Amino acid sequence: NAGVMQNPRHLVRRRGQEARLRCSPMKGHSHVYWYRQLPEEGLKFMVYLQKENIIDESGMPKERFSAEFPKEGPSILRIQQVVRGDSAAYFCASSPTRSTGELFFGEGSRLTVL
Amino acid sequence: TQLLEQSPQFLSIQEGENLTVYCNSSSVFSSLQWYRQEPGEGPVLLVTVVTGGEVKKLKRLTFQFGDARKDSSLHITAAQPGDTGLYLCAGAPQGAQKLVFGQGTRLTINP
Chain A
204 NAGVMQNPRH LVRRRGQEAR LRCSPMKGHS HVYWYRQLPE EGLKFMVYLQ
254 KENIIDESGM PKERFSAEFP KEGPSILRIQ QVVRGDSAAY FCASSPTRST
304 GELFFGEGSR LTVL
Chain B
2 TQLLEQSPQF LSIQEGENLT VYCNSSSVFS SLQWYRQEPG EGPVLLVTVV
52 TGGEVKKLKR LTFQFGDARK DSSLHITAAQ PGDTGLYLCA GAPQGAQKLV
102 FGQGTRLTIN P
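For the protein sequence lines, the chains are A and B, in the order given.
By this note's numbering, the letter at position 114 of the first sequence is numbered 317, and the numbering carries on one by one without gaps.
By this note's numbering, the letter at position 21 of the second sequence is numbered 22, and the numbering carries on one by one without gaps.
Heads up, some of the hints might be wrong.
Subject to a maximum C-alpha distance of 20 Å in a straight line, what follows is the list of computed DMTMM-like cross-link-like pairs (lysine to aspartate or glutamate) [said to hold, decoys possible]:
1) K247/A <-> E275/A
2) K57/B <-> E266/A
3) K99/B <-> E275/A
4) K247/A <-> E42/B
5) K247/A <-> D68/B
6) K247/A <-> E305/A
7) K57/B <-> D68/B
8) K57/B <-> E305/A
9) K230/A <-> E275/A
10) K254/A <-> E275/A
11) K247/A <-> E6/B
12) K230/A <-> E260/A
13) K58/B <-> E271/A
14) K71/B <-> E305/A
15) K99/B <-> D259/A
16) K58/B <-> E275/A
Simulated from the structure, these hints should not be mistaken for lab results.
Predicted model only: the values in this text are computed from it and were never measured.
So here's chain A without its partners, still in its complex pose:
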């Protein structure tokens, strides 16, 4: 019973490069959420996806950020032309249903932009 798998756990990028973060939800879960966490802060909602659909992207910056959850394969959070302010921990969570019940979180991907 594998949990939510995120990779890479740590990613270092230089300003202007691209970052791709992957998330494989728990088996049987078709709802994926991405959150960002800065040091000493809580989690900020970014985007909610179901298979092949973006349901709510109200927390996503309008530029440089995109997310997808294809029919096959993991969900991907993509950050283009990274800047230092993008440095954070990015957490993926999944749930089996549409309701806002328990979220199962991965261990996060920590992005450092030099």
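Put chain B on the given structure of chain A with help from the hints.
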């Protein structure tokens, strides 16, 4: 602006003491959840409270949901060093399909 306000943001106490952490909002929530997060890991659900006035106990932890379903509290009795961590409350605003989180309470229990 923060939809869910947690207080205190930082709390450091001695082992054996009691403490209460608060999660407040001006909005009504159909339910509130409490998560605990340890360094380098993702949050893990502790409890979900659904009914106004509901009280749930998890060993030395007592969770309460306000009568008006706008606030919640977490009380820890006889805190232990193993209780150290970041405690997050979360809820879904009415009509929304996402959980929003408070900024967290970072709890340190000193031996």
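Hint check results:
1. K247/A <-> E275/A: violated (27 Å)
2. K57/B <-> E266/A: Cα-Cα ~43 Å, so violated.
3. K99/B <-> E275/A: violated (23 Å)
4. K247/A <-> E42/B: Satisfied, since the Cα-Cα distance of roughly 16 Å is no more than 20 Å.
5. K247/A <-> D68/B: Not OK: K247/A and D68/B at ~27 Å, beyond 20 Å, violated.
6. K247/A <-> E305/A: holds (17 Å)
7. K57/B <-> D68/B: Given pair K57/B, D68/B holds - Cα atoms ~14 Å apart, limit 20 Å.
8. K57/B <-> E305/A: holds (16 Å)
9. K230/A <-> E275/A: holds (13 Å)
10. K254/A <-> E275/A: holds (8 Å)
11. K247/A <-> E6/B: The given pair, whose Cα atoms are some 13 Å apart, holds under the 20 Å limit.
12. K230/A <-> E260/A: Violated, because 23 Å separates the two Cα atoms, which is more than 20 Å.
13. K58/B <-> E271/A: Given pair K58/B, E271/A is violated - Cα atoms ~39 Å apart, limit 20 Å.
14. K71/B <-> E305/A: holds (19 Å)
15. K99/B <-> D259/A: OK: K99/B and D259/A at ~8 Å, within 20 Å.
16. K58/B <-> E275/A: With Cα atoms ~41 Å apart, K58/B and E275/A exceed 20 Å; violated.
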